[in-house]
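Visitor: Sequences and hints are given; from them, build the entire structure.
Numbering (the working numbering), first residue to last: 1 to 556.
Hints were generated in silico from the structure; no laboratory data involved.
Just so it is clear, the structure is predicted and the values come from calculations on it, not from any experiment.
Cβ atoms here follow ideal geometry from the backbone N, Cα and C, with glycine treated the same way.
One thing to keep in mind: the hints can contain errors.
Derived Cβ-Cβ restraints for the label pairs, each shown as a range [to be verified]: (1) SER215 x SER544: 42 to 52 Å; (2) LEU221 x ASP514: 42 to 52 Å; (3) ARG155 x ARG256: 48 to 58 Å.
Straight line, CA to CA, 30 Å or less: simulated BS3-like cross-link-like pairs of lysine-lysine [unchecked claim]: (4) LYS405 x LYS417; (5) LYS173 x LYS158; (6) LYS445 x LYS417; (7) LYS173 x LYS130; (8) LYS158 x LYS130; (9) LYS405 x LYS371; (10) LYS123 x LYS173; (11) LYS445 x LYS462.
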Amino acid sequence: MSDARLQQIAQLAQGEPLADRSAHLRRLADSTFDILVIGGGATGAGVALDAVTRGFSVGLIEKADFASGTSSRSSKMIHGGFRYMQTGDVALVRESLRERTLLQSNAPHLVSLLPFLIPLFLKGGLINPKVSRALGAALWSYQFAGSWRIGRRHRRLKASEVLAHMPVLDPDKVGEGYLFHDLRTDDARLTLAIAATAAAHGAAVANHAECVGISDVSAGLRRVSVKTAEGEFTIATRMVINATGIWAGELLGHARLSAAQGLVAAKGTHLVFPRHVFGNDVAVSLPTTDRRTMSVVDAGAFSYVGSTDTTADCAIDEPGITQRDIDYVLAGINRNVTRPLSEDDITGGWSGFRPLLADQSKARTADLSRKHRITHDADGFVSVTGGKLTTYRAMAEEAVDVAAKALGGGRACRTRKLRLHGASSDFKFSAPIGRLTRYGVQGAKVAALAARDEALARPITKNAESLVAEAVWGLHAEMAGSLEDVLMRRTRVGLFDGRAVLNDLDVLGGRIMDWTDWSPDRRQREIDATRRVLRRELGPLAASSAVTPPIEVKDT
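Guide: Dropping the structure here:
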């Protein structure tokens, strides 16, 4: 790629809060901070944003990429916690509904309505009236708890209406159903927007910057040793906030501290299919054989199904799909549909770990609480653990409250009415670039980049909605440091169409890296590293050479 064309892209990205990683690293090395956040998931980015907008000097480091852990491997919903209503955890439901409403206002470009269908299945040719009444009552309670603020009320549907929303359901088993609404999101891009907003307000943030040691307090400061590809340095800070999720215990070990309460790494797997195999135009809840439910969620040209909920069966640094996961999801689908699906129908998927608070009285990970905990572990050290994506902002507020009390000073929390990077109340796209709305006002820049060259305007894969321009934008404007970063998190191609990406990685990776100044050796290292990640992520699915035929791409 010519220097002139790279310079044009750099000019387009100029002023973006995450565009200049080197400048952020210099600030991290040269400054003394009030608060250093370790962990670049949604919670850690939320802590950095909350703290910097209260007037504290803030740094944030992430050992891998932003959202590379749990925050890119969720069910991609901002939900009010309806299932917690069914278990009687009303306080968690109210908190979730409040946070859902705030996010709908603060990030309209990153969340959208998700109609959710709960079919009621016949037993012995009849609907269980107790089940129907109980579900209806729970939905009314959910509505009164605050769900009505989303602007939609739940509805009871006839069997024919249920089947219209998902035609492959077995008509001999469907009795009726209920439809309510939640929100969907792109979890990785939401996390990125939070980090970008923190940076725009003055936080120094960097990915691919690993904490390798934390000193005891001396003269009111802790010193955090950091390792990057560029070298090692030390960050001085008055307070460390541990927001590393399932790695919280590991970070406490760096500071020679012990955890106040254990965490359980609960594994959740989702598998992705072409949407036409279900024909669903809403998310649909399906019962499984072990008293749980799975969701079939429409996502443009795809539908994804999950989640499993099991104890960890692999290293937490290397999540991947197993044959057990595949068999479980397919069994849950096939007991409810007229056309059985097989591994050949799967286009991609992902696995991740939820950091849940340990509870010896609960035998199943599915029964563990999704609540969070803030602990002041020692002088100059606070940890935030547990929780879920929807409540990231509330968790961050509580964590900074604890830190602010210890530090003294700081303003009141401002994030309840703070729009995230890219948000605008009056900004809308029209076709043909409607898919870029998830960038908000930055979408105009991505569209301008795509318009510069036909090669940039093409989809990354035949099945995917994401353009080559989006991957290139991620590399130049959003602190993506690798091919993996753009395929797995700046876009969703590696998750949703992972088998196609793996099969054609040399070609499609080359199309993206043509817009960098990377050397031939660097390019090959990127291909090799991304191939290893995809093979690990896909597990048994990586062994198949089956290629899903192109499917129609629709706006999401």
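Visitor: So, for every hint listed, does it hold in this structure?
Guide: Taking the hints in turn, this is what the structure says about them:
no.	hint	verdict
1	SER215 x SER544: 42 to 52 Å	holds (50 Å)
2	LEU221 x ASP514: 42 to 52 Å	holds (46 Å)
3	ARG155 x ARG256: 48 to 58 Å	holds (56 Å)
4	LYS405 x LYS417	holds (22 Å)
5	LYS173 x LYS158	holds (13 Å)
6	LYS445 x LYS417	holds (26 Å)
7	LYS173 x LYS130	holds (17 Å)
8	LYS158 x LYS130	holds (17 Å)
9	LYS405 x LYS371	holds (22 Å)
10	LYS123 x LYS173	holds (8 Å)
11	LYS445 x LYS462	holds (23 Å)
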